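Single-letter residue listing:
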Amino acid sequence: MSTIANGFMKFLGGFMLLYMGVIIATYTSMLIFSFVAMFKEHKLDKNVLDEDYIDSFYSKPLSIIIPAYNEEVGVVDSVQSVLNLKYPQTELIIVNDGSTDQTQQIVIEQFRMKKIPKVVKEQIKSKPIIQVYQSEIHHNLYLIEKENGGKADALNAGINLAKYPYFCSIDGDSILDEKSLLRVMKPIIMSNGEVIAAGGNVRIANGLDVQMGSVSQKDLPNRPLVLMQIIEYTRAFMMGRISLSKFNLVLIISGAFSVFAKKWAVAVGGYSTQTIGEDMELVVKLHRFLHENKIQKRIEFVPDPVCWTEAPESLGVLRKQRRRWHQGLIESLAKHKKMTLNPMYGKIGMISFPYFWLVECFGPLIELGGHIYIIVAFFLGKVYFEFAVLLALLFILYGSVLSAFAILMETWSVNVYSGLKNFFKLILVSLTEAFWYRPLTLLWRCEAFIQVLMGRKSWGNMERVGLSKRTHRKRSDLPE
Amino acid sequence: MIEISIDTLIKGIGVLSLIIVLLCIYIVLNGRREKALANDVRTYIQNKQDLWYRYFNDEITLPPELIPNNNTDIKAIEKIFLAYTQNISNPTIMEKIRNFSNQYLRQYYLNLLMNKRWSLRMNALYRIISFRIDSLADECKKLWERAKLSPEERFQLLVIHSIFDEDGFIREFANLSIKLSEYEYRKLLIGFNSEILKKLTNQMADFPKEYQYYFIDVLGLRRNLDFLPFLENNLSHKDPEIRIRSLKALNEIGIVTDLEQYKVFLSSPIWEERLMLAKLLGSFTLDQVYPYLEQLLQDENWWVRSHAARSIGNSKDGKLWLEKFIATAQDQYAIDMAREVLEEGINQ
Numbered sequence: 001m002s003t004i005a006n007g008f009m010k011f012l013g014g015f016m017l018l019y020m021g022v023i024i025a026t027y028t029s030m031l032i033f034s035f036v037a038m039f040k041e042h043k044l045d046k047n048v049l050d051e052d053y054i055d056s057f058y059s060k061p062l063s064i065i066i067p068a069y070n071e072e073v074g075v076v077d078s079v080q081s082v083l084n085l086k087y088p089q090t091e092l093i094i095v096n097d098g099s100t101d102q103t104q105q106i107v108i109e110q111f112r113m114k115k116i117p118k119v120v121k122e123q124i125k126s127k128p129i130i131q132v133y134q135s136e137i138h139h140n141l142y143l144i145e146k147e148n149g150g151k152a153d154a155l156n157a158g159i160n161l162a163k164y165p166y167f168c169s170i171d172g173d174s175i176l177d178e179k180s181l182l183r184v185m186k187p188i189i190m191s192n193g194e195v196i197a198a199g200g201n202v203r204i205a206n207g208l209d210v211q212m213g214s215v216s217q218k219d220l221p222n223r224p225l226v227l228m229q230i231i232e233y234t235r236a237f238m239m240g241r242i243s244l245s246k247f248n249l250v251l252i253i254s255g256a257f258s259v260f261a262k263k264w265a266v267a268v269g270g271y272s273t274q275t276i277g278e279d280m281e282l283v284v285k286l287h288r289f290l291h292e293n294k295i296q297k298r299i300e301f302v303p304d305p306v307c308w309t310e311a312p313e314s315l316g317v318l319r320k321q322r323r324r325w326h327q328g329l330i331e332s333l334a335k336h337k338k339m340t341l342n343p344m345y346g347k348i349g350m351i352s353f354p355y356f357w358l359v360e361c362f363g364p365l366i367e368l369g370g371h372i373y374i375i376v377a378f379f380l381g382k383v384y385f386e387f388a389v390l391l392a393l394l395f396i397l398y399g400s401v402l403s404a405f406a407i408l409m410e411t412w413s414v415n416v417y418s419g420l421k422n423f424f425k426l427i428l429v430s431l432t433e434a435f436w437y438r439p440l441t442l443l444w445r446c447e448a449f450i451q452v453l454m455g456r457k458s459w460g461n462m463e464r465v466g467l468s469k470r471t472h473r474k475r476s477d478l479p480e
Numbered sequence: 001m002i003e004i005s006i007d008t009l010i011k012g013i014g015v016l017s018l019i020i021v022l023l024c025i026y027i028v029l030n031g032r033r034e035k036a037l038a039n040d041v042r043t044y045i046q047n048k049q050d051l052w053y054r055y056f057n058d059e060i061t062l063p064p065e066l067i068p069n070n071n072t073d074i075k076a077i078e079k080i081f082l083a084y085t086q087n088i089s090n091p092t093i094m095e096k097i098r099n100f101s102n103q104y105l106r107q108y109y110l111n112l113l114m115n116k117r118w119s120l121r122m123n124a125l126y127r128i129i130s131f132r133i134d135s136l137a138d139e140c141k142k143l144w145e146r147a148k149l150s151p152e153e154r155f156q157l158l159v160i161h162s163i164f165d166e167d168g169f170i171r172e173f174a175n176l177s178i179k180l181s182e183y184e185y186r187k188l189l190i191g192f193n194s195e196i197l198k199k200l201t202n203q204m205a206d207f208p209k210e211y212q213y214y215f216i217d218v219l220g221l222r223r224n225l226d227f228l229p230f231l232e233n234n235l236s237h238k239d240p241e242i243r244i245r246s247l248k249a250l251n252e253i254g255i256v257t258d259l260e261q262y263k264v265f266l267s268s269p270i271w272e273e274r275l276m277l278a279k280l281l282g283s284f285t286l287d288q289v290y291p292y293l294e295q296l297l298q299d300e301n302w303w304v305r306s307h308a309a310r311s312i313g314n315s316k317d318g319k320l321w322l323e324k325f326i327a328t329a330q331d332q333y334a335i336d337m338a339r340e341v342l343e344e345g346i347n348q
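Protein sequence lines correspond, in order, to chains A and B.
Counting from 1, position 233 in the first sequence corresponds to residue 233 in the numbering used here; the numbering is continuous, with no gaps.
Counting from 1, position 191 in the second sequence corresponds to residue 191 in the numbering used here; the numbering is continuous, with no gaps.
In isolation and in its complexed conformation, chain A is listed as follows (with noise of 0.2 Å):
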C-alpha cells in the first residue's frame, strides 16, 4: 500500500482514539457530576417539601396544554390523569389540531364540552381558531379546536389561550407521576422566578402497568429493544442531563414534559412552526434571548418528576424516530450557529454549543467512521489491526460500561423500576449495547444528515403527520 494510504489510515486510527478518548472523558467526568448531584440529595425526605407546594399560597398557577392530532384512542385516558393530577390551580387546554378522527367528538361528549365565545388574545401567531369549549363538568377544561398547521402551531394556540403565568406541555399519550407537577415547579418558585423553564424525567412504560398516573409494579417487557430504550433514557437523563442542568447548560429539555415560564416563551415567539425540534428549539431561543438581553434566567432539568410515556417497538418505526429527533437537532443548531464558540453568549455559546455540535450532531458520523475503520482495519493487516482493537475496546468502554453505570445509579437513586429481576435484566441488557443497539442508532442518526442534504422543504409535511404517530413526538435526549 502506497506511503499516502498508509499515512491516512494511521491518520485516521489516531483521529478516532483521540476522539473517543475525548468522548469518554466527557462522559465520564458527566457521569461523577450527576453522581454527585444525586448523592447530596440521596436520603432526603422530600414528601415534606411537596406538603409546602401543595398549599396553594405558595405555588404558582399552570396551564397545562396538551396537544393532540388524531388521539381518538388515548385522549380521554391522558385528560383523566392530568385531571387527578397533585397540583393546587390549574386549567387544561386540549388543543385539537384539526384531527381527522374522532378526537373532538370523543373530548366534548366525555366531558360535556360546551362551545364558549372565548376571545383568545393572539400573543403568539398561530393557524386560526375554529372555537372554543369548555367543560360543564370540570371548569378548568378547555378544548381548542383549530386548522392543522402540527405540533408547534397547536401549542402556541394553547399558550394564547393560556391565563396563567406558567404552562405546562404534556404528549397527549404520556402519564405524569401524580406529584410530577409539584416537583418540577419546585425550582421555579425556589428561585425565586430565576427559572423560568424546567423540563422533567420521561421514562418508558411498555409493559408497565399504569392507572391513573401511578405505576403499578410489573415487570419489564423481555424485548431487548425496549430494553435498550430504556436504558438510553436512563443514561441520557441520569447523566446527560442532570450534570448539564448543574451548569446551566441544558439545550434540550423534554417535549413530553416540561414547563415554561410564559412570559418568556412569548417574547422568544413560542414555539417554532417550522422546525422539528420544537422543544429544543424553543430552549435555544430562550437562551439566546436571555443573552442578547443579557438577563440572568435558568433552564433546569428536575431529576424526580416522571412522566411515562411508550417507546417504538418496532426497528422500522424507531428509526424514523430517531432519525427525526437528529434532523430537529442539525436543523437547530444550524439555526443558531452564530452561537457556537461566541462568547456573547457565554457558557452556552462557550460550552454548550460546540459539546452539540462535535458529540451530539457529527458524533455520530464519526463513530460511524470509526465502525467503518474497524472493519477495514482487520482486513489490511497487522498493524491497523491493533488501532481496530484499540478503537474496539473504546466502543465497548463507551457504550455498554458506561451505560451499565448509569443503570446502578438509577438504582440506587431513584429506583423507578423496582425489584431485582428488573434490575438484572436492565444491567445485562446494558451489556451488550455496543454490539447492536449503538451501531442501528449510528446508521439512523447519519440517515438524518442524508436527509438535510436531500433538501428541508418535505420536514413541514412532516411534521404534520409525525403529529398523529404516537412515537414521533417524543424527544428523549441526546447525550448519549
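Derived by calculation from the structure, the hints in this document are not laboratory data.
Please read all numbers here as calculations on a predicted model, not as lab measurements.
Keep in mind that a hint or two might mislead.
Claimed, not checked - The calculated lysine-lysine pairs, modelled on BS3-like cross-linking and capped at a C-alpha distance of 25 Å, are:
| hint | chain 1 | residue 1 | chain 2 | residue 2 |
| --- | --- | --- | --- | --- |
| 1 | A | Lys246 | B | Lys179 |
| 2 | B | Lys11 | A | Lys382 |
| 3 | A | Lys46 | B | Lys179 |
| 4 | A | Lys263 | B | Lys248 |
| 5 | A | Lys163 | A | Lys86 |
| 6 | B | Lys11 | A | Lys121 |
Claimed, not checked - Short, incomplete list of chain B residues facing chain A, as computed with Cβ under 8 Å:
| hint | residue |
| --- | --- |
| 7 | Ile6 |
| 8 | Cys24 |
| 9 | Val28 |
| 10 | Gln103 |
| 11 | Gln107 |
| 12 | Leu120 |
| 13 | Met337 |
| 14 | Arg339 |
| 15 | Glu343 |
| 16 | Glu344 |
Claimed, not checked - Here chain A is said to cover these stretches of chain B; the calculated rule only asks that three of the stretch's residues, wherever they fall, bring their Cβ under 8 Å from a Cβ of chain A:
| hint | region |
| --- | --- |
| 17 | 10-22 |
| 18 | 122-133 |
| 19 | 171-185 |
By construction, the Cβ of each residue, glycine as well, lies at the ideal position given by its N, Cα and C atoms.
With the hints as your guide, set chain B onto chain A.
Positioned in the frame of chain A, the structure of chain B alone reads:
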C-alpha cells in the same frame, strides 16, 4: 506503544467490569436491607398505631412499649407523628408529640443534625420544625454560627428561630442577614399569627423593597379586615408596585369601603393599576360602579377589558348590564369581550 495501550485498556475494562459486579452486589444487599427495614416499620405501625391513637386521645398514659428501643422504632414513630402533624391540627396532640420528641427523639435528631451528610441534616431540621423539638433550639443556634452552611439549611434554621424565639425574631426581622426568595419569605410570614403581622406593619418601611412587596401579598392572603386601613394607606404610596400589590391584597380581602379613594386609578397610566381596579370594583354593587366598569371595559389594554367584563358578569344582574352594553356600544373589542363573559356563564 499501541500494544501496551491495548493491554492497559483490556485491564481497565476488566477492572471496571469488576467494579460493576461489586456494585451490583452492593445494590442487591442494600435493597434487601431497605426492604427488611420497611417491613419492620410497617409491622411496628400495624401493631402500635392503636396504642398511639389511644395515647393521643387521652385514653391512656404513655405506655412503656411506645418508648423507642432502636432506629427502626424511631423511623416508624416518625411516620406516625408526621401523619398526625400533617393532617390534624389538634393542640393537645401537638403538645404530646412535642413532649415525646423532646424526651425520646432528641438524641436521634441531634446525631442527624451533626451528621456529615447534608440530606440527613436537612431531614433533622424538617423534623425539629414538624415536631417542635425546642430542646434542640440551642444546638440550632450554634449551627447557625457555622460559616459553612447551605442556603437551604440556613433557611430552615431561620424558620426554627422564628418558631422558638418569636420576640427575638421579630426584633431582627427588618434586618435579616440572609437573602430569601419570595417562597421562603412567605413561608416564614405565614407561620405568624395576625397580631405579629400587625406589629410588623409598623416596621415595613425598614424592610428591603422586595420584602415589602411580599409582605403586602401575605397580608392579602390572610384575608383579615384588621389590615384594611394599613393597605388603604398604601394606595397613595409613591412606589407603583406597592400600590398595585396593595390593590391586589385589598381585592383578596374582598371588602372595600370607600369608593372615592379608588377612583383615582381609573385614569392611571399604569395598566396594572387599572386592571386591579377592574377586579376590585367587582366588590361593589353595579349601581355604584357600572360607569367606571364600562369605561374599563373599553380600555386599551386587553387584560383590563377582560377583568372589567368579568367583574360586571359576576355581579348581580351583571348579565343584563352586559346585554345592554352589547346592544349600544361601538367598540368591537369591548363588545366581543362582553359577549364572551355573557355566554361563558362560569365564574373564572
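Quick rundown of the hints versus the structure:
1. Restraint check for lysine 246 of chain A and lysine 179 of chain B: satisfied, since their Cα atoms lie roughly 21 Å apart, inside the 25 Å limit.
2. For a cut-off of 25 Å, the pair hint linking lysine 11 of chain B to lysine 382 of chain A stands: about 21 Å separates their Cα positions.
3. Distance hint between lysine 46 of chain A and lysine 179 of chain B is fulfilled; the C-alpha atoms sit about 23 Å from each other, no more than 25 Å.
4. Between lysine 263 of chain A and lysine 248 of chain B, the direct Cα distance comes to roughly 20 Å. Compliance with the 25 Å bound is thereby established for this hinted pair.
5. About 19 Å separates the Cα atoms of lysine 163 of chain A and lysine 86 of chain A, which keeps this hinted pair within 25 Å; it holds.
6. Restraint check for lysine 11 of chain B and lysine 121 of chain A: not satisfied, since their Cα atoms lie roughly 65 Å apart, outside the 25 Å limit.
7. Among the interface hints, the one on isoleucine 6 of chain B holds; its C-beta lies about 5 Å from the nearest C-beta in chain A, closer than the 8 Å criterion.
8. Here the hint on cysteine 24 of chain B is kept, as its CB sits about 6 Å from the closest CB of chain A, short of 8 Å.
9. With a least beta-carbon distance of about 6 Å to chain A, the hint placing valine 28 of chain B at the interface is held under the 8 Å criterion.
10. Interface restraint check: glutamine 103 of chain B against chain A, minimum CB-CB distance 22 Å, threshold 8 Å, status violated.
11. Taking 8 Å as the C-beta cut-off, the interface hint given for glutamine 107 of chain B is violated, the closest approach to chain A being about 19 Å.
12. Taken as an interface hint, leucine 120 of chain B checks out: its beta carbon lies about 6 Å from the nearest beta carbon of chain A, inside 8 Å.
13. The interface hint given for methionine 337 of chain B holds, since its Cβ lies 6 Å from the closest Cβ of chain A, which is under the 8 Å cut-off.
14. Because the smallest distance between the Cβ of arginine 339 of chain B and any Cβ of chain A comes to about 5 Å, under 8 Å, the interface hint for this residue holds.
15. The closest approach between the C-beta of glutamate 343 of chain B and any C-beta of chain A is roughly 5 Å, which is under the 8 Å cut-off, so the hint is satisfied.
16. For glutamate 344 of chain B, the suggested interface contact is upheld, since its CB lies about 5 Å from the closest CB of chain A, less than 8 Å.
17. Check result for the region 10-22 of chain B against chain A: holds, 6 residues qualifying (beta carbon to beta carbon below 8 Å, three or more required).
18. Check result for the region 122-133 of chain B against chain A: holds, 4 residues qualifying (beta carbon to beta carbon below 8 Å, three or more required).
19. Coverage of a stretch by a chain is defined here by at least three residues with a beta carbon nearer than 8 Å to that chain's beta carbons; for the region 171-185 of chain B and chain A the count is 4, and the condition holds.
Going down the numbered hints, you'll see the structure goes against 6, 10 and 11, while the others check out.
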